[in-house]
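Trainee: Letter by letter, the chains look like this.
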Amino acid sequence: DSGVTQTPKHLITATGQRVTLRCSPRSGDLSVYWYQQSLDQGLQFLIQYYNGEERAKGNILERFSAQQFPDLHSELNLSSLELGDSALYFCASSPRPGLQETQYFGPGTRLLVL
Amino acid sequence: AQSVSQHNHHVILSEAASLELGCNYSYGGTVNLFWYVQYPGQHLQLLLKYFSGDPLVKGIKGFEAEFIKSKFSFNLRKPSVQWSDTAEYFCAVNANSWGKLQFGAGTQVVVTP
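So the sequence lines, in the order shown, correspond to chains A and B. To convert, note that position 24 of the first sequence is 24 in the working numbering; the numbers rise steadily by one, no gaps. To convert, note that position 2 of the second sequence is 1002 in the working numbering; the numbers rise steadily by one, no gaps.
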């Protein structure tokens, strides 16, 4: 157990819908990262927050957004869902952003869009 | 383009065999390197990491990796695998100040009894 929690574990929804994925970082970690794991794209970095502020963006679609709240938990919002959004979404956390930081991953949320 | 390459997508080997998984990256400058493992149905777990110092790093479960700067490589090794090592292994590089990881495509390792 890494100490990073994610809810829900599984999510099944329909195209066009909107979902929210939730992540709670390890105690004391201020930085949260979101990654998407799919069969065709592999593991891809989506977005990073540090102490409530967005710090880096990766291959995140405009239909997706995220935020980090004052209690440091983060939510990833996926809207206008398409079949291709079906993937495993991981959250990771580290004490702070930086080169020499180790990220610890949560169990992931498996999203299936039908 | 900056990338992380894992040479083998699938590896099948018998228990007690030695394992070596290749990882090459194309970043210049300072990099920090990681190997993560994903057991079936589970999340990514850190096996080992290299930040600086001794280029031979030891991780959990008997794994080790060697950083060869001149070859831009960070290969993972285990002298004798067990059935429980069946998993997907990911090499990852952190080459930026914000800490985002660039992952390789992963290598699926199957260890047969």
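Quick caveat, the hints were computed from the structure, so don't treat them as lab data. Mixed in with the good hints there might be a few duds.
[As the list claims (entries may be wrong)] Label-pair restraints from in silico Cβ distances: (1) B:Ser1018 with A:Glu62: 23 to 29 Å; (2) A:Ser80 with B:Ser1052: 18 to 24 Å; (3) B:Tyr1039 with A:Thr15: 44 to 50 Å.
[Said to hold, decoys possible] Under the rule of at most 25 Å between Cα atoms (straight-line distance), these lysine to aspartate or glutamate pairs were calculated in the DMTMM-like manner: (4) B:Lys1058 with A:Asp1; (5) B:Lys1049 with A:Asp1; (6) A:Lys9 with B:Glu1088.
Computed from a predicted structure; not experimentally measured. Built from N, CA and C at the ideal position, the CB exists for glycine as well.
Trainee: Which numbered hints does this structure break?
Mentor: Numbers 1, 2, 3, in rising order.
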